[in-house]
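Undergrad: For this one, chain A is given, so just place chain B on it according to the hints.
Protein chains in written order, with numbering that gives the first Met the number 0: chain A, 0 to 698; chain B, 0 to 698.
In short, the hints are calculated from the structure, not lab data.
We put the CB at the ideal spot given by N, CA and C, even for glycine.
Treat the hints with care, as some may be off.
Taking beta-carbon pairs under 10 Å as the criterion, some of the chain A residues facing chain B (in silico) [unchecked claim]:
id : residue
1  : Ile-101
2  : Gly-120
3  : Phe-263
4  : Thr-510
The calculated lysine to aspartate or glutamate pairs, modelled on EDC-like cross-linking and capped at a C-alpha distance of 20 Å, are [stated by the list, open to error]:
id : chain 1 : residue 1 : chain 2 : residue 2
5  : A       : Lys-363   : B       : Glu-545
6  : A       : Lys-206   : B       : Asp-651
7  : A       : Lys-654   : B       : Glu-205
8  : B       : Lys-563   : B       : Asp-211
9  : B       : Lys-203   : A       : Asp-651
There are 2 protein chains.
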Amino acid sequence: MTDLSYLLWVSPAGSAIALLFVAFTIFKILKQSKGTTEMSDISDFIREGAKAFLKRQYKTVAIVGAFVTLIFVGLAYIGEISFFTPYAFVHGMVTCALAGYIGMMVASYANVRTTNAARRGLNPALRIAFSSGAVMGLFVVGIVLFDISLWYFILNHFYLGDFLLITNVMVSSAIGTSFMAFFSRVGGGIYAKSADVGADLVGKIEKGIPEDDPRNAAVIADQVGDNVGDVAGMGADLHESYASAILAAMCLGAFAFATRGMSFNGMVAPLLIMFAGIISSVIGTTLVKLKKRKASQAALLSAIRKGVYGASVLSAISSFIIIYLLFGIQYIGFFVAMLAGLVAGAVIGAVSEYFTSSAYAPTKSIAHSSLSGAGPLVINGMSVGMMSTAVPIAVVSIVVTLSYFIAGGAVNPDFGLYGISLATVGMLSTLGITLATDAYGAVADNATGIAEMSNQKQVVKDRLDMLDAIGNTTAATGKGYVIASGAMTVLSLIIAYTVLVNRLITPGVLTLSLTDPVIITGLFIGGMLPFLFSSMIIRAVGKGAEKIIEEVRRQFKEIPGLVKGKAKPDYARCVDIVTKTALKELIKPGLIAIISPIVVGLVLGPKASIALLVGTLISAFAMALMMSNAGAAWDNAKKYIESGRYGGEGSDAHKAAVVGDTVGDPLKDASGPSLDGLMKLMTMVSLVIAPIIVKYALL
Amino acid sequence: MTDLSYLLWVSPAGSAIALLFVAFTIFKILKQSKGTTEMSDISDFIREGAKAFLKRQYKTVAIVGAFVTLIFVGLAYIGEISFFTPYAFVHGMVTCALAGYIGMMVASYANVRTTNAARRGLNPALRIAFSSGAVMGLFVVGIVLFDISLWYFILNHFYLGDFLLITNVMVSSAIGTSFMAFFSRVGGGIYAKSADVGADLVGKIEKGIPEDDPRNAAVIADQVGDNVGDVAGMGADLHESYASAILAAMCLGAFAFATRGMSFNGMVAPLLIMFAGIISSVIGTTLVKLKKRKASQAALLSAIRKGVYGASVLSAISSFIIIYLLFGIQYIGFFVAMLAGLVAGAVIGAVSEYFTSSAYAPTKSIAHSSLSGAGPLVINGMSVGMMSTAVPIAVVSIVVTLSYFIAGGAVNPDFGLYGISLATVGMLSTLGITLATDAYGAVADNATGIAEMSNQKQVVKDRLDMLDAIGNTTAATGKGYVIASGAMTVLSLIIAYTVLVNRLITPGVLTLSLTDPVIITGLFIGGMLPFLFSSMIIRAVGKGAEKIIEEVRRQFKEIPGLVKGKAKPDYARCVDIVTKTALKELIKPGLIAIISPIVVGLVLGPKASIALLVGTLISAFAMALMMSNAGAAWDNAKKYIESGRYGGEGSDAHKAAVVGDTVGDPLKDASGPSLDGLMKLMTMVSLVIAPIIVKYALL
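If we strip away everything but chain A, and leave its shape as in the complex, we get:
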């Protein structure tokens, strides 16, 4: 056996490449002009709001986190959990917060520059918006690889070459990331949608003023929401998926090859695949540009697609080589598993697009039902959302079965499980660029808002509207991808958790029979939690929106000249109100995510705890798809009507569509994406407390 340990250097190397590219891109963005003082002021306002929210959010999470850390320290002190866990927890929280913060800062620098660049043309605007998205994507993957390297070198110092132990500790080290990601995602979602729904209800519907009208005191809060929700929240969320997927695969790889003395190969393969994915993503992002000065929507979309698909092809080719060199041709099934995941990600994205873009039948039929009123439109959208769950879930199921068996699971189940985790790694391998297409949408959205507030010429607004429309499409594609990769990640983690529990219990292997009552109970409760959790998030958004409505109404009444546009509203107060509400409403759903696996585990034992996670995964996966796709379809049906169909803006059909959009807003941007955080945090909590559950469970 040759010494392959030099391969570990790819991890810091990949990290360095990604972070250098990030620094270079930030530098390029900052060089661009911010436009007029008015524009720059608005942008500063948005950034201040977002910073204020993130600061308060991080403070809140820090307080809760400090409390959890103390518990971890106590548990580690009495030897119940690894003594690395408390440190891992704090470390993960900090890096995850950093990923969200940097992404948000860059987005907020990019938005005004995108607006300004749109005054010159579409291509410069696209370049800036997309680059800022790429910063987010590559910063996330860069920092994760850096982190993993650091961890590995520390742990290798303690557990010299015991890859099983090392990867075991590492996989539960993602708890801090998970914790932070959960609160970022949920808090950001509640914030964003409270501000959005509140601003819309009081502005567009009650006062009849356009979206992003500067007289509406909630507009800045709305823009801030895009940054803290779609950028910081999603960045943190994917940071976690990426880290967890790699760690779970490393853990299962080391385990699968333990008896063959090839643990190192099993462990290092996911790292190498991710390294190749980073290089591919960097190359992919440079492909996103327009050839002609004046471009159609189709050309824009194809520019972005060229980047994503290019990166995917490169990633696939290099992964083939990696697997071949590491394991030899007899294990090439691992490559097929990885490829299945990569392809599945693209397919699921395309399905989301089909169900949510107004170019296709489902969204058109929703728009059509606006003629019968708001009721039929809402119910039709729900039906489309439900229908949209079928293909993605079928695809993921096929990937799971295929990757298990092609990796040799029929002969050696451990190989099969490793195959499933490599499929997850494959799906996330091009995250650098996929996240870029997603985060870019928020920047385009903000740029449109700034153009509206600073009264830009119509041609500039039109260009930005086009960017924004594409942003909506890529965001829909991105959301399907985020949900599916989240589900695959959770599945990998659950498998890792089961393997871990099996090693902890004596003797042998846990029987996880479907007819065992504690398994049934775990599945039932797990299947119900996403409903309870979503209900809380929706209610939180409702409360936040209500407070915003009251405040905007108050300002319209009390600030003289505001209605006529002769005075400025107090934007900061709205930002402050939503911030407080969002953070307050974060507590209850957070407790559910943390406490439910602990209670079920301690009362009903490890079997029920695994079933709980599986049950949550099953229903959260379907619900997240339904909510996110229904919401996007309603949104686009409304935009479709606004483009002049069925009487256009102001018609009864449009009013019905606005109702649909209002219903969809909290679903697609708050409760839907939050389910991802719920599943992941519950699983990470279970992983960390596994030794305690095994030892002290009542049943």
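TA: Relative to chain A, chain B alone:
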């Protein structure tokens, strides 16, 4: 061991008592006056419509059924399935159809007599409406017990005393019932809601005429819908739950006590419990009456509750005696399991009432959000619906775990599984009266419609409105109960299926590990199917409603004098249109229910097939609760506003509430209840084809 075979006579005896009571009650109802010719004409019209629909529905199902029968005959001929199955299939279809038909006929005779009785006072009206509900309830339980007796005597002739084999054949004999119940429930639901939504959209919203206005061509179709959906559909549905729950328990009981030579005791216990439940229900229904001539809503509700709770207490006491005498005091855990199910049914009913009655906070908060518009009202209702899933699912989980362990599952798993099935039997033991409270609502609803159409005095309408309001509450309670008992029944069937498969495979026991990829795939696909299925049902209702709207509009335009009430609309045409659409739209969801377990079973094997059923159960349970409770809450929020709050009828708040009601209608009465049918039919199909799956599956 003493010969206990005389105990089997309780089954035909129970049946006879129930059916005699039914005949007596029908006789009493028919003695009442039908009121004026106008009233009687309307009632005849409704009955004709319902009969026409059921006739066509039965014909359609018969054609599909004949095809399935042929397949069964073929499979039985080559020895792949039991040669009783084809006969069982036809027999089950016929009896289930009969239950729906008789219930519907009695309801349609009772509705006009209730209207007429309301002219005398509230108590007589309550007595008639409730009695007709009781006919439905007791006819269902009576015919099921008759059927089981018949089956037992036939099978005992062939397999003398081999209770394992007898119960095994019997449990899969419910396939015909399941098939018919599915189509009745789904077809009835689509019919009812197409007519309802269509009539409301074109009548109340477009033309601004009141509900049940005789000028609206769809009103008769709407009334017919209540009968074919809420009465015939639900009757068939519960017929199946009742039969399946008993059969599953008999099967598991015979199996659990096989090694002790007490198979007979295990098998006969569920029959005896149901016998006691029937007597208790008959006594309970006689308790439902008002003392005072003029009564409040509270008094009405308490009269009904007295009946239900009285029956429950009687049923519990007699079950204690039965278990004690059959098994002795050391097995009294079986009684506790039965009791847990009985109590859980009541608790879940109460929870549904809390979340859907305008007397409590959730529905009030929905009504309040009407002030912010339709969007917030809809989203708030969804949140309430999601929240309402938590307690019922937690309660069922507790019942499952408790009944397993208290029945001795820790020592002997077969006892535990029998305990779970007895909990299901306990929950359904008082079905005779619980179904009465549910079916009564449809009669009250129809009676109100007839009063409106025949222009009764305000005092009569007010009395009937009160009956109707209570009907809504008991229907909500009933729905929670139907869903929970359906879920428990499916769980019992899945357990019976697993036991059956374990006996078919050699060697030994199927390992159902949660980390097996085919199990994961089964769970994923199963969890997704209820979403796909609901989407189809909702779409079907939408299509039906659209056709109705077109037709009513056409009649208003083309029939001279109709708008002014000087001409009669063509009711029959509307009835005909909905009938055709409902039956056509029934096909696709039906195929999903039948084909999915076959395909998954044959491709991925029996393990995946079990997982598929469990996955469907997990998400269908939560979704059905959510849809049914959200729908009822929207409905009652609208009624709350109509009672004068937030500006009352015609206000903007009311318009928003009407949107909520339109959204909720297909959810609560079509897709929600249909999920029950989906789970049950899928499970029954799996049971029947179990031998084929075990033999021919690819994996």
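Undergrad: Run every hint past the structure and note whether it holds.
TA: To see whether the hints hold, each was checked on the structure:
1. The restraint placing Ile-101 of chain A at the interface with chain B is violated, with a minimum CB-CB distance near 33 Å, outside the 10 Å limit.
2. Residue-level restraint check for Gly-120 of chain A is violated (minimum Cβ-Cβ distance to chain B is 37 Å; threshold 10 Å).
3. The closest approach between the C-beta of Phe-263 of chain A and any C-beta of chain B is roughly 24 Å, which is over the 10 Å cut-off, so the hint fails.
4. Annotation: interface hint on Thr-510 of chain A holds; nearest CB of chain B at approximately 7 Å, less than 10 Å.
5. Between Lys-363 of chain A and Glu-545 of chain B, the direct Cα distance comes to roughly 16 Å. Compliance with the 20 Å bound is thereby established for this hinted pair.
6. Taking the CA atoms of Lys-206 of chain A and Asp-651 of chain B, the gap is about 16 Å. The hint holds against a cut of 20 Å.
7. Pair hint Lys-654 of chain A plus Glu-205 of chain B holds up; C-alpha atoms about 16 Å apart against a cutoff of 20 Å.
8. The straight-line distance between the Cα atoms of Lys-563 of chain B and Asp-211 of chain B is roughly 15 Å, inside the 20 Å bound, and the hint therefore holds.
9. Using a Cα cut-off of 20 Å, the hinted pair Lys-203 of chain B and Asp-651 of chain A holds, with the two alpha carbons roughly 17 Å apart.
Going down the numbered hints, you'll see the structure goes against 1, 2 and 3, while the others check out.
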